[in-house]
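Chemist: Sequence:
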Amino acid sequence: MSGEGLREKGTWHEIWRGKKTNARIAMEHGKVHELRVRAVNKGGRSFPSEVYAIVIQDNDSAPVALVVNDFHTVRGPRWFSDSTYAGIVPGSDAIPDGIDYSYIGTVNDFRRSSQWLSDEQCGWGNCYRDHATEGFVGNTHDFPTRYACRLIEHGYSVVSADSRALDSLQSHYDHIYLIRGREETPYQGNLLRQGVPLTISGSHEGSIPQACHSGVIITRDGQTLHYATQPNGERLHAPAVSAFRPNSNEEVVARYRDTGLPACVRDTVTQVTRWGVPLEAMIDD
Numbered sequence: 001m002s003g004e005g006l007r008e009k010g011t012w013h014e015i016w017r018g019k020k021t022n023a024r025i026a027m028e029h030g031k032v033h034e035l036r037v038r039a040v041n042k043g044g045r046s047f048p049s050e051v052y053a054i055v056i057q058d059n060d061s062a063p064v065a066l067v068v069n070d071f072h073t074v075r076g077p078r079w080f081s082d083s084t085y086a087g088i089v090p091g092s093d094a095i096p097d098g099i100d101y102s103y104i105g106t107v108n109d110f111r112r113s114s115q116w117l118s119d120e121q122c123g124w125g126n127c128y129r130d131h132a133t134e135g136f137v138g139n140t141h142d143f144p145t146r147y148a149c150r151l152i153e154h155g156y157s158v159v160s161a162d163s164r165a166l167d168s169l170q171s172h173y174d175h176i177y178l179i180r181g182r183e184e185t186p187y188q189g190n191l192l193r194q195g196v197p198l199t200i201s202g203s204h205e206g207s208i209p210q211a212c213h214s215g216v217i218i219t220r221d222g223q224t225l226h227y228a229t230q231p232n233g234e235r236l237h238a239p240a241v242s243a244f245r246p247n248s249n250e251e252v253v254a255r256y257r258d259t260g261l262p263a264c265v266r267d268t269v270t271q272v273t274r275w276g277v278p279l280e281a282m283i284d285d
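Residue numbering for the sequence shown follows the numbering used here, starting at 1 and increasing by one per position.
Treat the hints as calculated values from the structure; they're not laboratory data.
Note that the structure is predicted; figures quoted are calculated from it, not measured.
Ideal Cβ placement from N, Cα and C applies to all residues, glycine included.
Worth double-checking, as some hints may not be accurate.
Here are the computed distance ranges between Cβ atoms for each label pair [stated by the list, open to error]: (1) R129 / G18: 45 to 55 Å; (2) R17 / V89: 41 to 51 Å; (3) E28 / T133: 33 to 43 Å; (4) S214 / V89: 18 to 28 Å; (5) P90 / I208: 12 to 22 Å; (6) R150 / T224: 13 to 23 Å; (7) I25 / R78: 37 to 47 Å; (8) E184 / K19: 15 to 25 Å; (9) R129 / V89: 17 to 27 Å; (10) G91 / T185: 13 to 23 Å; (11) S248 / P209: 15 to 25 Å; (12) R17 / T133: 32 to 42 Å; (13) Q223 / P90: 23 to 33 Å; (14) T11 / I104: 25 to 35 Å.
Please build the complete structure, drawing on both the sequences and the hints.
Modeler: Quick look at the structure:
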């Protein structure tokens with residue numbers, strides 16, 4: 001096994017190598033450390049694992065947050081096809097592996113009969129070119145780092161894990177964050193039964209689909225939040241988000257501005273907060 005750490009200027013460096021599945025690594029207090037692992041043999045090194053983030057505060061009594069990544073999907077866009085029309089389903093943007101540079105814009109001509117007239121009117125499959133110079137952030141496999149950078153500002157120590165490797169919790173945590181991103185499959189883990197304050201966010205966590213189109217959320221205390229709805233080179237975007245039907249124990253924390261549907265609810269008994277939009281898509285104002 002080989003362990004790598006991210007240092008200044010975005011360069012990964014090998015910081016340990018061995019046959020064991022664990023290692024002791026010196027870490028600076030109060031700093032976000034990014035780590036990933038590779039398998040190594042005589043044939044070379046494997047692709048790297050997802051990126052995990054760790055923060056150790058100077059204060060031993062600092063609250064500890066566990067960040068769990070459950071966003072693993074990578075896929076192309078969805079298609080439709082009949083005898084007259086065919087193309088990419090509007091709003092079904094791909095989830096590329098990392099950052100994609102091949103996307104240039106939304107398709108605007110779905111008619112099979114459309115003929116090429118010019119490079120600007122190229123017929124069936126023609127698309128806008130408003131994203132031709134941008135990268136397109138998909139599943140970059142490093143979302144725990146984004147959480148750690150925020151949590152460190154609030155005095156938290158942070159550990160992170162992949163949901164597929166998290167069989168049980170061996171330590172006490174003051175808060176757990178479950179990253180669902182644009183994952184479409186239901187969560188299969190046991191974090192909901194831990195009795196620890198838990199925040200879950202993801203495009204498909206709510207029971208009401210297509211809940212907002214404006215990309216604007218209004219919180220209960222009047223704060224306005226924005227999230228990315230279009231592909232971009234800075235953050236994950238959420239072309240489709242969901243809303244909730246609160247149960248008797250849940251209070252509405254935020255609503256989508258255009259539809260008024262609940263974007264976030266909190267269960268006052270279980271201390272579970274659910275967002276119908278990925279927090280990774282939020283835009284810092």
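Chemist: For P90 and I208, compare the CB-CB distance with the range 12 to 22 Å and indicate the outcome.
Modeler: The hinted range 12 to 22 Å holds for P90 and I208, with Cβ atoms some 19 Å apart.
Chemist: Confirm or reject the claim that R150 and T224 have a C-beta distance inside 13 to 23 Å.
Modeler: Once the Cβ atoms are compared, 18 Å apart, the range 13 to 23 Å for T224 and R150 holds.
Chemist: Has the hinted range 15 to 25 Å been met by the Cβ atoms of E184 and K19?
Modeler: violated (38 Å)
Chemist: Starting from the range 45 to 55 Å, see whether the pair R129 and G18 falls in it by beta-carbon distance.
Modeler: Given range 45 to 55 Å: holds, Cβ gap about 50 Å.
Chemist: If I claimed the Cβ atoms of R17 and V89 lie 41 to 51 Å apart, would that claim hold in this structure?
Modeler: holds (46 Å)
Chemist: Taking the Cβ atom of S214 and the Cβ atom of V89, is their distance within the range 18 to 28 Å?
Modeler: holds (21 Å)
Chemist: Between the beta carbons of I25 and R78, is the distance compatible with 37 to 47 Å?
Modeler: About 42 Å separates the Cβ atoms of I25 and R78, which means 37 to 47 Å holds.
Chemist: A range of 15 to 25 Å was offered for this pair. Does it hold for the Cβ distance of S248 and P209?
Modeler: Hint holds: Cβ distance 23 Å, inside 15 to 25 Å.
Chemist: Taking 32 to 42 Å as the hint, is the beta-carbon distance of R17 and T133 inside that range?
Modeler: holds (40 Å)
Chemist: Per the hint of 23 to 33 Å, is the separation of the Cβ atoms of Q223 and P90 within bounds?
Modeler: With Cβ atoms ~31 Å apart, the hint holds.
Chemist: Could you say whether the range 13 to 23 Å given as a hint is met by the Cβ separation of G91 and T185?
Modeler: For G91 and T185 the Cβ distance comes to about 19 Å; the hint holds.
Chemist: Quick check: does the Cβ-Cβ distance between E28 and T133 fall within 33 to 43 Å?
Modeler: Since E28 and T133 have Cβ atoms about 37 Å apart, the given range 33 to 43 Å holds.
Violated hint for the displayed structure: number 8, the only one.
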